[in-house]
Amino acid sequence: MNVLTVPFTDPLLREALLAGVLVGIAASVVGAFVVLRGLAFVGDALAHGVLPGIAAAVLLGVSSMIGALAGGIVMMVGVTAITRRTRLSGDTAIGLLFVGMLALGVVITSRSASFSGDITRILFGDLLGITRGDLVVQAVATGLVLLVAGVCARPFLLLSIDPDRATVAGFPAGRYHVIMLALITVTVVVSFQAVGTLLVFGMLIAPPATAALYARRLPMMMGAAAIISAVSVWAGLVLSFQYRLAAGATIVLVQVAVFFVALLIHRPRTAPAPQVVG
Amino acid sequence: MHTTPQAPRSHVRAVTGLCVLLLIAALGVAGCGDSSSGPDERPHVVATTPVLGDLVRAVVGDRADVQVLMPNGADPHEYQASARDASDLQKADLILQNGLGLESGIQDAIARAEDRGTPTFTVTDHVTLRALQHDEEGEHAEDDDHDHGSMDPHVWMDPILMADMIPDLASAITDETGIDTAPRATATGRRLRTLTRELQVIADRVPESERRLVTGHDSMGYFAARFGFTIIGAVIPSVSSEGAASAGELADLRDLMRAENAHVIGIEPATSADVARALAGEADARVIEMPTNTIPDGGTYEDMMRLLMTRVVGALRAG
Numbered sequence: 024m025n026v027l028t029v030p031f032t033d034p035l036l037r038e039a040l041l042a043g044v045l046v047g048i049a050a051s052v053v054g055a056f057v058v059l060r061g062l063a064f065v066g067d068a069l070a071h072g073v074l075p076g077i078a079a080a081v082l083l084g085v086s087s088m089i090g091a092l093a094g095g096i097v098m099m100v101g102v103t104a105i106t107r108r109t110r111l112s113g114d115t116a117i118g119l120l121f122v123g124m125l126a127l128g129v130v131i132t133s134r135s136a137s138f139s140g141d142i143t144r145i146l147f148g149d150l151l152g153i154t155r156g157d158l159v160v161q162a163v164a165t166g167l168v169l170l171v172a173g174v175c176a177r178p179f180l181l182l183s184i185d186p187d188r189a190t191v192a193g194f195p196a197g198r199y200h201v202i203m204l205a206l207i208t209v210t211v212v213v214s215f216q217a218v219g220t221l222l223v224f225g226m227l228i229a230p231p232a233t234a235a236l237y238a239r240r241l242p243m244m245m246g247a248a249a250i251i252s253a254v255s256v257w258a259g260l261v262l263s264f265q266y267r268l269a270a271g272a273t274i275v276l277v278q279v280a281v282f283f284v285a286l287l288i289h290r291p292r293t294a295p296a297p298q299v300v301g
Numbered sequence: 005m006h007t008t009p010q011a012p013r014s015h016v017r018a019v020t021g022l023c024v025l026l027l028i029a030a031l032g033v034a035g036c037g038d039s040s041s042g043p044d045e046r047p048h049v050v051a052t053t054p055v056l057g058d059l060v061r062a063v064v065g066d067r068a069d070v071q072v073l074m075p076n077g078a079d080p081h082e083y084q085a086s087a088r089d090a091s092d093l094q095k096a097d098l099i100l101q102n103g104l105g106l107e108s109g110i111q112d113a114i115a116r117a118e119d120r121g122t123p124t125f126t127v128t129d130h131v132t133l134r135a136l137q138h139d140e141e142g143e144h145a146e147d148d149d150h151d152h153g154s155m156d157p158h159v160w161m162d163p164i165l166m167a168d169m170i171p172d173l174a175s176a177i178t179d180e181t182g183i184d185t186a187p188r189a190t191a192t193g194r195r196l197r198t199l200t201r202e203l204q205v206i207a208d209r210v211p212e213s214e215r216r217l218v219t220g221h222d223s224m225g226y227f228a229a230r231f232g233f234t235i236i237g238a239v240i241p242s243v244s245s246e247g248a249a250s251a252g253e254l255a256d257l258r259d260l261m262r263a264e265n266a267h268v269i270g271i272e273p274a275t276s277a278d279v280a281r282a283l284a285g286e287a288d289a290r291v292i293e294m295p296t297n298t299i300p301d302g303g304t305y306e307d308m309m310r311l312l313m314t315r316v317v318g319a320l321r322a323g
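In order, the protein sequence lines correspond to chains U and E. Each residue of the first sequence is one higher than the one before, starting from 24 at the first, in the numbering used here. Each residue of the second sequence is one higher than the one before, starting from 5 at the first, in the numbering used here.
These are computed hints drawn from the structure, not numbers from a lab. Note that beta-carbon positions come from the ideal geometry of N, C-alpha and C, so glycine has one too. Heads up, a few of these hints could be off.
What follows is a set of in silico ranges between Cβ atoms, one per label pair, in the way DEER data are often shown [unchecked claim]:
1) Glu214/E x Thr115/U: 53 to 59 Å
2) Arg198/U x Asp278/E: 37 to 43 Å
3) Val85/U x Ala115/E: 15 to 21 Å
4) Val201/U x Pro273/E: 31 to 37 Å
5) Arg290/E x Ala126/U: 46 to 52 Å
6) Leu311/E x Leu167/U: 24 to 30 Å
7) Pro187/E x Val284/U: 25 to 31 Å
8) Pro34/U x Leu260/E: 51 to 57 Å
9) Pro300/E x Arg155/U: 42 to 48 Å
10) Thr115/U x Pro273/E: 33 to 39 Å
11) Leu119/U x Pro273/E: 29 to 35 Å
Anything over 10 Å on all C-beta distances counts as not near chain E; from chain U, calculated [as the list claims (entries may be wrong)]:
12) Asp114
13) Val122
14) Val171
15) Val191
16) Val209
17) Phe264
18) Arg267
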């Protein structure tokens, strides 16, 4: 068992583990709704929408988290406007917005002669460079996400099954849709430093999707996703330590691998997702 | 929330089983990994790039355990740290890094190790830096006072700069590890100066007015300044290999190459060979591969510099 614990005798790796687990918990809770509502593509778009914001923030010398938040808000407003107004399939317009934001990020960075390799850092994060301050921000954000998700669990769930009935039950579908997008954005914004905008999407989708194969009630799905995510973070760090692999990418690879293993051994019985009756 | 009656126990078991499976898999995979070699009593120096690793080995010989993080030939701008790297950095007696954002993928991990008291020697703090010469630099000149972004990090391309920083490096090593580095440091410095004269002789085979080069990214500035080359432009006009070429800049570069009669494009692993070849085709130039961060098999930094110079000069003379 030595090989599994030895990496964490190092306080630096303990902090990386803690940061990864915090991201994993927040992403699992939010990701459960994302998976249930079929918002994976929107989640991906939001994760990449922050890229130009971060790039601009780095160029202007302001905090990259503020830039990420600005980028995320622009993306959120865009996604909301699209889903409300267009007669086109939402996917098409959101896809264009997503590619546009990604391209804008690269264009901004390409204008700077001194933008040393930051694109890699934005996309893949730097779990091993997490500071104590980052950890505090992460912990507060995770708490906040849990709180909002807890308060809005019922409308979110109704929304994922029958938006009309949610409205009838006194939960305006539009408002809760925006709250959900905001939750995804906040999760992405506080997580990109640890795992990057490309990989945070994996953490958002993979563990909840794995949990959805087995869990039939929402709280259980969230709990299971959080546990799977945390164990994956730990296993990924062990593998990264043992084989000298890039830390963030290894963690997400483990989470995705777990999903496909679970999919292979899973024997579908009834409905694959939580159901609400009455 | 009412749910369809199911046996929740079986789900708990499924998730637990999955986690246990994951644990076993990780244990199995990690267990057969390379078990770290036994404890090394020698002081431990971690260098980021192969070039720095070679230089520090020249100074300490086999009296310290020198570890190089980045694989030979890897693009230092893109390297991502592993958990082991982070741990090694923190346990090192001394970290040797280039600085100026060259190691952007691991700079946070290095900063954390520094926070925890690992001494770090940053090469670019100990040499005379060269500013980047870009037209747009002027616009931002006021606001990058503390941001070293406008200085060129590729200092190892000038062996004299390396020779100049060797005494500082040697005393840092002595301070942190107690190894007496003075004799080897002197010898290394002398060898690097001899190397520079040798390289200059090779460069002089081509008249200075014909030493015109186009490079992959802005990596050859110090080399050019030392040996009298003129860099006409770069395929990716950025100190980072992660910049991207713009169509207008490429067209301008092509016109410039024709006007200046530059017919050698030196690329590195990170440059898009397709873009370079297309440019070469239009400007009637040839493309060569420059080993700017790849130490030849079994060779040293000095061998790399010799290979680089012979290749560049050979291409210039052939054209």
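Evaluation of the provided hints:
Range check, Glu214/E to Thr115/U: Cβ separation about 55 Å, and the 53 to 59 Å hint holds. Range check, Arg198/U to Asp278/E: Cβ separation about 50 Å, and the 37 to 43 Å hint is violated. A C-beta distance of roughly 19 Å is found between Val85/U and Ala115/E, which places it inside the suggested range of 15 to 21 Å. A beta carbon spacing of about 46 Å between Val201/U and Pro273/E contradicts the range 31 to 37 Å that was offered as a hint.
A beta carbon spacing of about 33 Å between Arg290/E and Ala126/U contradicts the range 46 to 52 Å that was offered as a hint. Separation of Leu311/E from Leu167/U is about 56 Å and departs from the stated range, judged on CB atoms against 24 to 30 Å. Checked against the given bound of 25 to 31 Å, the beta carbons of Pro187/E and Val284/U, roughly 58 Å apart, lie outside it. A hinted range of 51 to 57 Å for the beta carbons of Pro34/U and Leu260/E is consistent with their spacing of about 53 Å.
Checked against the hint of 42 to 48 Å, the pair Pro300/E and Arg155/U passes, with Cβ atoms roughly 43 Å apart. Between Thr115/U and Pro273/E the CB atoms are about 38 Å apart, so this pair conforms to the stated range of 33 to 39 Å. Between Leu119/U and Pro273/E the Cβ separation comes to about 34 Å, which falls inside the hinted range of 29 to 35 Å. The claim that Asp114/U lies off the interface holds: its Cβ sits roughly 28 Å from the closest Cβ of chain E, which is beyond the 10 Å cut-off.
At the 10 Å boundary, the C-beta of Val122/U stays outside the reach of chain E, the nearest C-beta of that chain being 16 Å off. With a least CB separation of 18 Å from chain E, Val171/U remains clear of the 10 Å interface cut-off, as annotated. Val191/U, annotated as away from the interface, keeps every beta carbon of chain E farther than 10 Å; the closest lies near 17 Å. Consistency note on Val209/U: stated as away from chain E, and its beta-carbon is indeed over 10 Å from all of that chain's, at 22 Å minimum.
At roughly 4 Å from the closest C-beta of chain E, the C-beta of Phe264/U falls inside 10 Å, breaking its exclusion from the interface. A Cβ of chain E approaches the Cβ of Arg267/U within 10 Å, the least distance being about 4 Å, so the stated non-interface status is violated.
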